[in-house]
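Kindly produce the complete structure, drawing on both the sequences and the hints.
In case you want the letters, here they are:
Protein chains: 2
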Amino acid sequence: MELLLPNPANSTPLTTLGFLDRAATAYGDSPSIVYNNVSYTWLQTHCRCLQMASSLTSLGIQRGQVVSVVAPNVPSMYELQFAVPMSGAVLNNINTRLDAHTLSILLQHSESKIVFVDHHSSSLVLEAISLFPRNTRHPQLILIDDEMVSSGSKSTSSTSHFLDHYEGILEDGDPKFKWVRPKSEWDPMVLNYTSGTTSCPKGVSLSHRAIFIKTMDALVDCFPWGMAAVGGTNICLRKVDLSQIYRLIKQHKVTHMCGAPVVLNMLSNSPDLETLDHHVQILTAGAPPPAPVLARTESMGFVVSHGYGLTETGGMVVSCAWKQKWNKLPLTERARLKSRQGANTVGCTEAEVLDPKTGEPVKRDGKTVGEVVLRGGSLMLGENGWFYTGDVGVIHPDGYLEIKDRSKDIIISGGENISSPEVESVLYSHPAVNEAAVVAKPDKFWGETPCAFVSLKKNGELTQKPSEKEIIQYCRDRLPHYMVPKMVVFESELPKTSTGKVQKFILRRIAKAMS
Amino acid sequence: MELLLPNPANSTPLTTLGFLDRAATAYGDSPSIVYNNVSYTWLQTHCRCLQMASSLTSLGIQRGQVVSVVAPNVPSMYELQFAVPMSGAVLNNINTRLDAHTLSILLQHSESKIVFVDHHSSSLVLEAISLFPRNTRHPQLILIDDEMVSSGSKSTSSTSHFLDHYEGILEDGDPKFKWVRPKSEWDPMVLNYTSGTTSCPKGVSLSHRAIFIKTMDALVDCFPWGMAAVGGTNICLRKVDLSQIYRLIKQHKVTHMCGAPVVLNMLSNSPDLETLDHHVQILTAGAPPPAPVLARTESMGFVVSHGYGLTETGGMVVSCAWKQKWNKLPLTERARLKSRQGANTVGCTEAEVLDPKTGEPVKRDGKTVGEVVLRGGSLMLGENGWFYTGDVGVIHPDGYLEIKDRSKDIIISGGENISSPEVESVLYSHPAVNEAAVVAKPDKFWGETPCAFVSLKKNGELTQKPSEKEIIQYCRDRLPHYMVPKMVVFESELPKTSTGKVQKFILRRIAKAMS
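Heads up: the protein sequence lines correspond to chains P and G, in order. Heads up: the first sequence is residues 1 to 515, going by the working numbering. Heads up: the second sequence is residues 1 to 515, going by the working numbering.
It should be emphasised that the hints constitute simulated quantities derived from the structure, not laboratory data.
Covered stretches of chain G, as calculated for chain P (at least 3 residues, CB under 8 Å):
{"id": "1", "stretch": "314-325"}
{"id": "2", "stretch": "336-344"}
{"id": "3", "stretch": "392-402"}
Glycine included, each C-beta is placed from N, C-alpha and C at the ideal position.
Dropping the structure here:
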């Protein structure tokens with residue numbers, strides 16, 4: 001039969017940005033964002049995002065240029081998820097916990113033209129800018145000062161380095177602005193940086209198409225663009241504050257939330273611990289929820305779901321779809337089942353585990369390990385038809401995937417990815433250090449913490465042997481706090497393969513035995 | 001920043017077929033299809049669809065060839081939605097209410113290689129095949145005999161014209177069959193025929209991409225591929241049987257159903273009328289639900305939603321997203337709001353009403369009419385960046401679309417689209433008829449029925465003037481029952497425009513006045 005070729009009416013680029021136009025029509029009066037004493041409707045959010053997109057264009061932002069955001073979960077952070085790509089720019093969300101040096105590298109690498117800076121991060125960003133090489137063009141800075149919004153009065157923060165306040169820039173924008181549609185659904189919409197497995201942060205850009213497919217997965221969950229698709233309400237939280245979380249859950253009848261396993265742990269150990277008066281779906285990823293945490297959180301009314309994804313996959317691509325009948329099983333069995341990462345999401349075409357030698361799928365016996373590979377519309381990279389995750393896993397007889405070795409070197413601490421080579425490079429820079437290797441040490445609170453193994457230079461070269469405390473202090477001066485090893489083990493020599501590579505799996509066993 | 005080009009890992013074609021693989025893993029033990037005393041799990045449905053896809057391949061079916069289905073909502077009908085495209089073939093669902101002549105044309109036009117035939121439609125299909133021109137290749141026929149499945153015994157229907165029974169063909173298939181993935185997401189997956197506005201049925205093919213985007217919209221509703229995405233249960237019904245509908249809703253705690261307005265009318269007028277013990281979402285389209293019907297169905301526990309779509313758009317693309325606050329309004333006001341078609345769905349990029357002269361969007365005042373145009377990933381056709389629906393509508397100040405004149409000529413009777421030129425061409429073929437025009441006449445039961453206006457040939461040419469009854473009988477011999485005019489009005493001359501076109505809007509007013 002005749003071929004069905006793309007044409008202008010049916011090949012409109014897939015994008016999630018139009019969801020906001022629709023939300024303004026379909027859910028105009030419904031609350032979109034709630035934060036302290038501020039609340040917006042979807043009509044207002046639509047209008048504010050168009051205004052901000054318009055202002056960005058007036059400031060000279062052009063299609064494909066990068067605009068960065070350094071802010072916690074405040075309303076402007078949500079608005080910028082739409083407003084930045086609506087101006088045609090690429091949205092670059094930056095972790096507020098990075099150090100000035102890393103931040104400076106990211107801002108230079110991304111060639112960011114404008115940086116939105118939360119007032120709590122202003123000194124960090126100013127320091128990062130000061131580290132730019134001479135004669136380098138600096139990005140323009142816009143100050144997010146939500147306390148001004150809440151109190152209605154101007155902030156007293158120094159704004160000499162800033163172009164203006166967020167609200168000032170927004171007010172100048174045209175609420176009738178015709179937002180910049182992508183020319184192709186493959187146009188980049190978001191640029192994220194992953195710490196990756198090498199010491200150099202890697203830029204991961206996701207297309208409008210990828211974000212659309214991801215959002216399809218997220219329609220039943222609580223991610224920014226999906227919320228605009230269903231007209232839900234975003235409750236913003238500047239930081240993890242337990243009593244506030246419990247208060248907001250009750251006050252706004254929160255249905256969905258996300259949290260790293262460490263957040264689950266905190267929720268279940270809270271002194272404010274109370275049974276919820278309704279069920280709350282909580283999605284966790286990064287590490288399986290341990291049985292005692294699962295038991296406590298579930299008894300309180302949280303319904304925990306577990307998923308798996310990477311920066312390169314635009315978020316969760318495998319989830320532990322829960323079966324009704326499993327509810328009847330004892331807790332330990334439920335925890336075991338829930339600790340598995342699960343099945344591919346609807347938007348992820350395939351998740352498989354391949355034998356590294358044959359390249360063929362491993363036996364589905366829950367024992368035979370191989371490399372986890374993925375393919376699907378939300379992925380960033382690929383070769384040979386698959387994206388190779390670097391993670392080692394098994395497939396159970398029921399088809400559910402389980403990650404066995406989270407990856408050769410990444411350490412996940414409190415939900416943050418730590419690249420061990422990045423920490424190692426700092427250790428290697430210490431004058432007394434000969435060899436260094438950093439591995440994950442299991443930790444009840446953080447999930448994992450970095451544990452450093454170092455061998456020191458021979459006596460003749462050293463004036464004095466550094467202590468564990470000195471090494472930790474040395475790292476603290478050069479790394480974000482969460483990346484600093486919590487323990488340093490001195491070895492005369494690190495275990496190595498015949499080809500000279502450090503055998504991290506041995507160090508990991510030692511670190512585990514010490515935890 | 002650097003461009004993000006498609007690569008083999010992230011440009012896997014969008015398709016809904018993989019949902020079935022995932023459903024087998026994630027919801028394997030959950031019921032997938034329930035019909036009389038037959039029930040399947042998602043694991044079984046997955047296995048059976050792979051077997052049938054395998055058998056189709058063994059029968060010589062090749063990528064892009066058409067396989068047709070003439071069957072009501074029985075389990076095999078559901079399975080074929082996956083099995084046919086999983087063999088690489090294009091699925092062609094055919095209305096069981098067509099006459100043998102039309103059916104014959106569709107089967108020839110689609111060059112269908114295999115036709116799955118429900119045992120209730122076997123004589124119809126055999127007649128359609130007998131109308132094929134001599135020396136034309138006939139499709140192979142496979143008999144769907146679900147009573148055999150239910151009772152476990154072979155049917156006694158004559159199978160001499162049939163290759164085999166559905167179950168026999170399926171049993172020969174390989175449950176480990178590697179299904180045929182589309183080479184491109186633009187590959188056709190489904191071929192539907194619309195009666196359209198011309199007398200010739202128009203083939204509308206929808207790509208894997210279009211069906212994927214449509215299914216995203218349908219994730220919260222009850223359409224075949226979406227059900228596999230969420231692991232829901234399909235309750236099959238051979239026909240609209242009120243007492244059975246009520247029994248099944250209670251027995252299986254049905255959450256979602258679809259029905260033309262005529263079904264809503266029947267539900268609310270049922271002698272078995274009972275209040276449901278849980279809410280049932282019912283989606284209706286084709287005509288707005290009238291206030292009394294809305295009042296009765298809502299009081300019984302149905303939550304009625306209203307949408308708009310065309311064959312060419314792969315289903316609903318505009319829906320009347322309901323606002324909480326509207327629940328407080330009086331019934332007549334709620335009915336008025338719900339009678340509007342609404343806002344574009346998440347998967348539909350834009351729905352607009354354009355001034356036919358300027359091509360610009362009309363004023364959003366609920367009064368200025370224009371042509372309804374659409375664009376989005378699930379559409380079939382397009383020109384000038386828009387798909388022109390031929391329907392006339394307005395946009396209300398709140399952004400909701402309302403169709404004012406359902407289209408210049410389509411009549412929707414009991415949920416069936418009737419192309420007036422198709423009926424007119426039969427009338428024109430009558431020896432006594434000079435001019436003919438068929439328009440919709442409002443009908444409490446069917447929504448609309450076809451009403452014919454004819455002028456007869458002058459006396460000199462006629463031996464005898466035909467009666468209304470004779471004209472109706474003449475149509476009945478040549479058209480499917482539902483397309484036959486229920487009323488024939490004789491006029492000396494039909495009202496026409498200066499360019500000679502019949503002014504149907506005048507005839508519609510007359511028909512309305514007579515109803």
